[in-house]
Amino acid sequence: MQPSPEDLSTVTVLLFAHYRDLAEDSSIELQVPTGATVRKAVALLRGLPGLDSLPSEPTVAVNREYVSLDHSLAPNDEIALIPPVAGGLFAGGVE
Amino acid sequence: MSSHIVARITAQPIRPEEILKAGSSADGAVVHFVGRVRDHNGGRSVRRLHYEAYADMAERELLSILTEVADDWDVSHVEAVHRTGTVELGETSVAIVVAATHRAAAYEASMQVMEQIKQRLPIWKREEYADGTEVWVGAVAVEM
Numbered sequence: 002m003q004p005s006p007e008d009l010s011t012v013t014v015l016l017f018a019h020y021r022d023l024a025e026d027s028s029i030e031l032q033v034p035t036g037a038t039v040r041k042a043v044a045l046l047r048g049l050p051g052l053d054s055l056p057s058e059p060t061v062a063v064n065r066e067y068v069s070l071d072h073s074l075a076p077n078d079e080i081a082l083i084p085p086v087a088g089g090l091f092a093g094g095v096e
Numbered sequence: 010m011s012s013h014i015v016a017r018i019t020a021q022p023i024r025p026e027e028i029l030k031a032g033s034s035a036d037g038a039v040v041h042f043v044g045r046v047r048d049h050n051g052g053r054s055v056r057r058l059h060y061e062a063y064a065d066m067a068e069r070e071l072l073s074i075l076t077e078v079a080d081d082w083d084v085s086h087v088e089a090v091h092r093t094g095t096v097e098l099g100e101t102s103v104a105i106v107v108a109a110t111h112r113a114a115a116y117e118a119s120m121q122v123m124e125q126i127k128q129r130l131p132i133w134k135r136e137e138y139a140d141g142t143e144v145w146v147g148a149v150a151v152e153m
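Chains A and B, in that order, are what the protein sequence lines are.
Okay, so the first sequence: first residue is 2 according to the working numbering, each after it adds one.
Okay, so the second sequence: first residue is 10 according to the working numbering, each after it adds one.
None of these hints come from the bench; they were simulated from the model.
Backbone N, C-alpha and C define an ideal beta-carbon position, used for all residues, glycine too.
Check each hint, because a few of them may be wrong.
In the SDA-like style, the derived pairs of lysine to any residue whose C-alpha atoms are separated by at most 20 angstroms in a straight line are [as the list claims (entries may be wrong)]:
| hint | chain 1 | residue 1 | chain 2 | residue 2 |
| --- | --- | --- | --- | --- |
| 1 | B | K127 | B | T95 |
| 2 | B | K127 | B | E77 |
| 3 | B | K30 | B | I14 |
| 4 | B | K127 | B | G147 |
| 5 | A | K41 | A | V12 |
| 6 | B | K127 | A | V68 |
| 7 | B | K127 | A | I83 |
| 8 | B | K127 | A | E66 |
| 9 | B | K30 | B | S12 |
| 10 | B | K127 | B | E117 |
| 11 | A | K41 | A | L15 |
| 12 | B | K127 | A | P85 |
| 13 | B | K127 | B | S73 |
| 14 | B | K30 | B | H41 |
| 15 | B | K127 | A | P59 |
| 16 | B | K127 | A | R65 |
| 17 | B | K127 | A | Y67 |
| 18 | A | K41 | A | N77 |
| 19 | A | K41 | A | L9 |
| 20 | B | K127 | B | V144 |
| 21 | B | K127 | B | K30 |
| 22 | A | K41 | A | P76 |
| 23 | B | K30 | B | V40 |
| 24 | B | K127 | B | G37 |
| 25 | B | K127 | A | F17 |
| 26 | B | K127 | A | T60 |
| 27 | B | K30 | B | Q125 |
| 28 | B | K127 | A | V61 |
| 29 | B | K127 | B | R45 |
| 30 | A | K41 | A | S54 |
Just so you have them, the derived chain A footprint on chain B, three or more residues with Cβ under 8 angstroms [to be verified]:
| hint | segment |
| --- | --- |
| 31 | 56–66 |
| 32 | 126–139 |
The shape of chain A in the complex, shown without the other chains:
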């Protein structure tokens, strides 16, 4: 059975650095089942053109705070996929 429209929430997904290059877009409006986890949203994103190479368990922030993949989403949440920075952020500048 298809979910009715009121069972879907729209969230905004922000993409940075090479994730943005993969998507060729810095922001995507995504519809997810209301109350879906971040993990579910990531799975939906990986089905979009260019984004199949996103990691299945990326680092994610919701409304500008890091969250776990089990975090439940609310309508109008701002999800940011955070590409790896560790060990690399200053690999060419400072160590």
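Following the hints, complete the assembly by docking chain B onto the known chain A.
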């Protein structure tokens, strides 16, 4: 002990001298750290760097880092500034200043700020090489 905390993300050049006056006469130790753009990485000649930030989150996350460090160490002033945008060779990409009564806390706090920045701050770096190619650092085999 409450500390003075300053977190800043900026697209403007960082002048190291602008952080030299931190602290007060109660501070016997002031540690400055200046991270600069190096001309090579992994055997490749680097021409310049481009930093991109999740601006809405980065300054807030930097403030969280500094607040945690100030809670962990007996320091009176913790400040960090990070660049965004294009940063040329030799220019400052990050500056940290910590003032404390004694040097051990100042050194340790400064190290902790830098380690946390590397792990948590949502700022990404694209290296531009002498041959004109560019790569997001941390990305696996994504070249433009």
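Quiz item: Does the alpha-carbon distance linking K127/B and Y67/A stay inside the 20 angstroms limit?
Solution: holds, 15 angstroms
Practice problem: Between the segment 56–66 of chain B and chain A, see if three or more residues pass the 8 angstroms beta-carbon test, and mark the coverage as holds or violated. | Solution: holds (count 5)
Quiz item: Holds or violated: K41/A with V12/A, Cα cutoff 20 angstroms?
Solution: Roughly 12 angstroms between the alpha carbons, so the hint for K41/A and V12/A holds.
Self-check item: Hinted pair K127/B and S73/B, Cα distance within 20 angstroms
Solution: Satisfied, since the Cα-Cα distance of roughly 14 angstroms is no more than 20 angstroms.
Exercise. Measure nothing beyond the straight line between the CA atoms of K127/B and V144/B; if it is 20 angstroms or shorter, mark the hint as holding.
Key: holds, 18 angstroms
Exercise. Measure nothing beyond the straight line between the CA atoms of K30/B and V40/B; if it is 20 angstroms or shorter, mark the hint as holding.
Key: holds, 11 angstroms
Practice problem: Verify the proposed pairing of K41/A with N77/A, using a straight-line Cα cut of 20 angstroms. | Solution: Distance of about 16 angstroms is within 20 angstroms: holds.
Quiz item: If you draw a straight line from the CA of K41/A to the CA of L15/A, is it 20 angstroms or shorter?
Solution: Status holds; Cα separation ~16 angstroms.
Exercise. For the pair we were handed, K41/A and P76/A, check the Cα-Cα distance against 20 angstroms.
Key: Measuring from Cα to Cα gives roughly 14 angstroms; hence the hint holds.
Quiz prompt | Outcome, coverage hint (the segment 126–139 of chain B, chain A; C-beta under 8 angstroms; three residues) | solution = Holds, because 11 residues of the segment 126–139 of chain B bring their Cβ atoms closer than 8 angstroms to Cβ atoms of chain A.
Quiz item: Do the alpha carbons of K127/B and E77/B lie within 20 angstroms of each other, as the hint requires?
Solution: Roughly 15 angstroms between the alpha carbons, so the hint for K127/B and E77/B holds.
Quiz item: Holds or violated: K127/B with E117/B, Cα cutoff 20 angstroms?
Solution: Satisfied, since the Cα-Cα distance of roughly 16 angstroms is no more than 20 angstroms.
Consistency note: the structure conflicts with the earlier hints numbered 21, 24, 27.
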